[in-house]
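Student: Sequence:
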Amino acid sequence: MIHYSCDRCGRPIDPQDELRYVVRVEVEAVMEPLDGEVVDDSDRDHLMELHDILERADDAANPLLGDGVYFRQRYDLCSDCHRKYRRNPVGKENVKQLNFSQN
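Just add 456 to wherever you are in the sequence shown, counting from 1, and you've got this note's numbering.
Hints are computed from structural coordinates only; laboratory data are not their basis.
Where is the CB? At the ideal position from N, CA and C, for every residue including glycine.
Hints should not be assumed to be uniformly reliable.
Claimed, not checked - Distance condition first, Cα-Cα at most 20 angstroms in a straight line; then the derived EDC-like pairs of lysine to aspartate or glutamate:
#	residue 1	residue 2
1	Lys540	Glu488
2	Lys548	Asp536
3	Lys548	Asp463
4	Lys548	Glu482
5	Lys540	Asp463
What the hints assert, rightly or not - If you anchor each label on the Cβ, the simulated ranges turn out as follows:
#	residue 1	residue 2	range
6	Phe556	Leu506	28 to 34 angstroms
7	Glu488	Arg542	41 to 47 angstroms
8	Ser557	Glu505	29 to 35 angstroms
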């Protein structure tokens, strides 16, 4: 039997008793065209380019896929941490706004 634990809080997750949530994060560097540069994307196959990048992702010798260019990670979350993640997926600090009267 596979044992799961929440990657956020560390609590064991029993798949027989509760749901386990999987979060997949994929980050890639994107280069924008320079100012004034015209890019003709009409004949560009974006899916094929993405496929090529993913095939090379495991190739540690590829300098184009060094640190900061491509990152893929998978996390297991319990129900409580999933709920917290859904409310704040990028981890922004929630600052409570105070509404003062206009007197």
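Student: Which numbered hints does this structure break?
Tutor: Those not satisfied are hints 1, 6, 7, 8.
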